[in-house]
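Protein chains: 2
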Amino acid sequence: MKYDNNIPYKIYLEEDQMPAGWYNVRADMKNKPAPLLNPGTGQPMGFEDLRPVFCDELIRQELDNDTAFIPIPQEIREFYRMYRPSPLVRAYCLEELLNTPAKIDYKFEGNNTSGSHKLNSAIAQAYYAKQQGLRGVTTETGAGQWGTALSMACSYFGLDCKVFMVKCSYEQKPFRREVIRTYGASITPSPSDTTNVGRAILARNPNTTGSLGCAISEAVEVATTTPGYRYVLGSVLNQVLLHQSIIGLETKAALDLYGITPDIIIGCAGGGSNLGGLIAPFMGEKLRGEKDYRFIAVEPASCPSLTRGVYAYDFCDTGMVCPLAKMYTLGSGFIPSANHAGGLRYHGMSSTLSQLYHDGYMEARSYEQTKVFEAAVQFARIEGILPAPESSHAIRAAIDEALRCKQTGEEKTIVFGLTGTGYFDLVAYQKYNDGQMTDRIPTDEELQASISRLPKIPG
Amino acid sequence: MKYDNNIPYKIYLEEDQMPAGWYNVRADMKNKPAPLLNPGTGQPMGFEDLRPVFCDELIRQELDNDTAFIPIPQEIREFYRMYRPSPLVRAYCLEELLNTPAKIDYKFEGNNTSGSHKLNSAIAQAYYAKQQGLRGVTTETGAGQWGTALSMACSYFGLDCKVFMVKCSYEQKPFRREVIRTYGASITPSPSDTTNVGRAILARNPNTTGSLGCAISEAVEVATTTPGYRYVLGSVLNQVLLHQSIIGLETKAALDLYGITPDIIIGCAGGGSNLGGLIAPFMGEKLRGEKDYRFIAVEPASCPSLTRGVYAYDFCDTGMVCPLAKMYTLGSGFIPSANHAGGLRYHGMSSTLSQLYHDGYMEARSYEQTKVFEAAVQFARIEGILPAPESSHAIRAAIDEALRCKQTGEEKTIVFGLTGTGYFDLVAYQKYNDGQMTDRIPTDEELQASISRLPKIPG
Numbered sequence: 001m002k003y004d005n006n007i008p009y010k011i012y013l014e015e016d017q018m019p020a021g022w023y024n025v026r027a028d029m030k031n032k033p034a035p036l037l038n039p040g041t042g043q044p045m046g047f048e049d050l051r052p053v054f055c056d057e058l059i060r061q062e063l064d065n066d067t068a069f070i071p072i073p074q075e076i077r078e079f080y081r082m083y084r085p086s087p088l089v090r091a092y093c094l095e096e097l098l099n100t101p102a103k104i105d106y107k108f109e110g111n112n113t114s115g116s117h118k119l120n121s122a123i124a125q126a127y128y129a130k131q132q133g134l135r136g137v138t139t140e141t142g143a144g145q146w147g148t149a150l151s152m153a154c155s156y157f158g159l160d161c162k163v164f165m166v167k168c169s170y171e172q173k174p175f176r177r178e179v180i181r182t183y184g185a186s187i188t189p190s191p192s193d194t195t196n197v198g199r200a201i202l203a204r205n206p207n208t209t210g211s212l213g214c215a216i217s218e219a220v221e222v223a224t225t226t227p228g229y230r231y232v233l234g235s236v237l238n239q240v241l242l243h244q245s246i247i248g249l250e251t252k253a254a255l256d257l258y259g260i261t262p263d264i265i266i267g268c269a270g271g272g273s274n275l276g277g278l279i280a281p282f283m284g285e286k287l288r289g290e291k292d293y294r295f296i297a298v299e300p301a302s303c304p305s306l307t308r309g310v311y312a313y314d315f316c317d318t319g320m321v322c323p324l325a326k327m328y329t330l331g332s333g334f335i336p337s338a339n340h341a342g343g344l345r346y347h348g349m350s351s352t353l354s355q356l357y358h359d360g361y362m363e364a365r366s367y368e369q370t371k372v373f374e375a376a377v378q379f380a381r382i383e384g385i386l387p388a389p390e391s392s393h394a395i396r397a398a399i400d401e402a403l404r405c406k407q408t409g410e411e412k413t414i415v416f417g418l419t420g421t422g423y424f425d426l427v428a429y430q431k432y433n434d435g436q437m438t439d440r441i442p443t444d445e446e447l448q449a450s451i452s453r454l455p456k457i458p459g
Numbered sequence: 001m002k003y004d005n006n007i008p009y010k011i012y013l014e015e016d017q018m019p020a021g022w023y024n025v026r027a028d029m030k031n032k033p034a035p036l037l038n039p040g041t042g043q044p045m046g047f048e049d050l051r052p053v054f055c056d057e058l059i060r061q062e063l064d065n066d067t068a069f070i071p072i073p074q075e076i077r078e079f080y081r082m083y084r085p086s087p088l089v090r091a092y093c094l095e096e097l098l099n100t101p102a103k104i105d106y107k108f109e110g111n112n113t114s115g116s117h118k119l120n121s122a123i124a125q126a127y128y129a130k131q132q133g134l135r136g137v138t139t140e141t142g143a144g145q146w147g148t149a150l151s152m153a154c155s156y157f158g159l160d161c162k163v164f165m166v167k168c169s170y171e172q173k174p175f176r177r178e179v180i181r182t183y184g185a186s187i188t189p190s191p192s193d194t195t196n197v198g199r200a201i202l203a204r205n206p207n208t209t210g211s212l213g214c215a216i217s218e219a220v221e222v223a224t225t226t227p228g229y230r231y232v233l234g235s236v237l238n239q240v241l242l243h244q245s246i247i248g249l250e251t252k253a254a255l256d257l258y259g260i261t262p263d264i265i266i267g268c269a270g271g272g273s274n275l276g277g278l279i280a281p282f283m284g285e286k287l288r289g290e291k292d293y294r295f296i297a298v299e300p301a302s303c304p305s306l307t308r309g310v311y312a313y314d315f316c317d318t319g320m321v322c323p324l325a326k327m328y329t330l331g332s333g334f335i336p337s338a339n340h341a342g343g344l345r346y347h348g349m350s351s352t353l354s355q356l357y358h359d360g361y362m363e364a365r366s367y368e369q370t371k372v373f374e375a376a377v378q379f380a381r382i383e384g385i386l387p388a389p390e391s392s393h394a395i396r397a398a399i400d401e402a403l404r405c406k407q408t409g410e411e412k413t414i415v416f417g418l419t420g421t422g423y424f425d426l427v428a429y430q431k432y433n434d435g436q437m438t439d440r441i442p443t444d445e446e447l448q449a450s451i452s453r454l455p456k457i458p459g
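Sequence order for the protein chains is A and B.
The opening position of the first sequence corresponds to residue 1 in the working numbering, with each subsequent residue numbered one higher.
The opening position of the second sequence corresponds to residue 1 in the working numbering, with each subsequent residue numbered one higher.
Some hints here could point you the wrong way.
Copies of the same chain look alike in the list, so a pair counts if it works inside one copy or between any two.
[Unchecked claim] Pairs of lysine to aspartate or glutamate, DMTMM-like flavour, derived with a Cα cap of 25 Å: (1) K10 to D256; (2) K431 to E171; (3) K32 to D56; (4) K130 to E95; (5) K412 to E78; (6) K130 to D434; (7) K32 to E290; (8) K326 to D64; (9) K10 to E78.
Quick caveat, the hints were computed from the structure, so don't treat them as lab data.
Kindly generate the complete structure, drawing on both the sequences and the hints.
Right, here's the structure in full:
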């Protein structure tokens, strides 16, 4: 095997090389992400408007477009030490298999029980909820990674945790439920008859398999109607991208140790938490004009918010109880087909990433599920890690870029985010192994119909 | 949190600190493990006798009681780099929860897709099979960790792999099957009607839930009757303990870096591969009279080979097609209750460990399943890792030893092997979470009946 003895197979930072703060990419954006709007008045939502829903300190982080460096509290750094740093792995075996001159590195976030990067923000959000003296938090989960992460974080700090899980994931992943229960959280399939918004969604569409947008509506309703509770979210929000910047900061520190500058940085994108976190410090350099990188967001063809959506204000949730966010969206009523990358089944995209994409700082592409699983199995067999379906979107794009390098002979360095493991996605792998995997790409007419129902901004 | 800033939370060895060879503890044993015997003649089995079953180089390792250091081939070291070194983790949070003066470290082998330490020997055995020009290998698996590991290793080297999975695990763990299939191996529930020995076992006991002993018989039959195939085994054998010494060597190297000498070293014990590997270099020091350590083997009360078995020659398998090994055994006909620590449901114990135990170099204890899961959930919630049921036996014992230190005020250092994760054991966690977990401890009469059927040695 070709093997560069000067660069370790896996780079683990030492404890004293770990980031002491998160990086807030908004501080370096000329065009800031558009503010959240009150759907009733059309006015930007401030601290007081958001307090019924979110924890105080998290609102401050949400609204802070100026502070570049935000120190990570000691208690969170202690928790991070339990499963971080995550390794930056050189995909030597994959390179050899593809016979490409490209160098491929992946930042592997799956080596913790939640199975993904979601724990990075879960522990931060649970910490601030605990600091505020709350009893508990509510949330939604798609693939189940965020729900698992939050249940772990809440168990660590002794907080109650109520999880609404997208129904199709709940049914496909019985063992996810059990991990979440083991960590002491309650879990309800969404849409459910336990909330007003859930009952309304079920009345309109009794056979719905659910979506992240529905589950968010239910979790917000419970948080705002139960004393001592707030709602927390695993993606989309500015605060989440802030916490997830730990991924990019560690990646950059590891690359810097060996003088490596990536050419292309790739991440899967559902709500944008992983991609936003991975690219943050690199994007900062690009925004400040210090360096240039290509950034590629990869989404499922069944839920193509960046590649086929519109950039407009929309509800963050299906039930239209949340604020309006300006983002690339397919319409909050869009229900993607029940494909298996549950974590990517969201109708919109982080406002921060949407603005950066709109301003031309990054690219996007989409893949059909079968092509994604081809890459997943190829990767699993040669790199030894069974990847999550979400993460496998990034693998697909990284392989395609590496094959392009093979054609052109370019020795590019490709970094991608391997956000998690597929140990709870075996129903999807089974369908793929049995040749029964399908995908459903929305037609133009379907998307137009959904997008035509975007809310009008009052005032 | 109390936190010693001089000692990292997790110790990862650098690549140049990784062991270059395995350590063969037999070289330092005065009383060597008793040889395998031919059940027909009662004579020790030599290289030629074992060739129909095992790969040549693995037989050499099996029979070599003298060479202490055996270099690890370059190809295996390259594969090890994909998931090793495994971290040695200081259980600061668990210590704080228990309020114990003891220091607890665990060597975590679960951060790879097979989910356990089994990959350490799987890749070695697949490598030697490939070197010999074989077409494929057969094996058995209990919990599924070994089967997964072997399928990964065979996929890496392009070998065919046929796995017989203990029926109760096969049914409890449908997703294990799918991982194994994803790596391209075939998988058959055991006992099956695809082999003579499987059909005979089913005829005698149609409702059997299977055992490792049954599955071994079937895998050996297929290996010895299919051209170009050999049988490989994930535990019990000397060669496996040799490969698994990588665990102990890394552990010792990490501790030595910080001048730490453990007082107690704890591992779960089914066939003995993890325990034997973890303690190997420490046991070497004890055998050579250089240092003293307490070693504790932990087994399930439902399958208590060390604590309630006899030290005698017995078949390694239920179908009595394998050689005779001298070991602590419950009788090769013993079928343990279908408890969930599938990897510990073996009637016997490694000959090497049996000899060491017989000679007073280590201790053993057993726990009921419910007590084990109590420890598992406590550990998961505070240390963030959902442990395998097998590994949780070691956690239980480590917690009990730490609580004993709390009573006595002793500041002992306890090291235990956290062999794997429980991501495919959620049926067991569900039973525990629902308060429906049971255990069945064999009565003295049952054990006596089973042990009374031990084979007579001819000659």
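Outcome of the hint check:
no.: 1; hint: K10 to D256; in the structure: both (14 Å within a copy, 22 Å between copies)
no.: 2; hint: K431 to E171; in the structure: both (15 Å within a copy, 18 Å between copies)
no.: 3; hint: K32 to D56; in the structure: within (21 Å within a copy, 67 Å between copies)
no.: 4; hint: K130 to E95; in the structure: between (45 Å within a copy, 22 Å between copies)
no.: 5; hint: K412 to E78; in the structure: between (36 Å within a copy, 23 Å between copies)
no.: 6; hint: K130 to D434; in the structure: neither (46 Å within a copy, 28 Å between copies)
no.: 7; hint: K32 to E290; in the structure: within (19 Å within a copy, 66 Å between copies)
no.: 8; hint: K326 to D64; in the structure: within (17 Å within a copy, 70 Å between copies)
no.: 9; hint: K10 to E78; in the structure: both (23 Å within a copy, 12 Å between copies)
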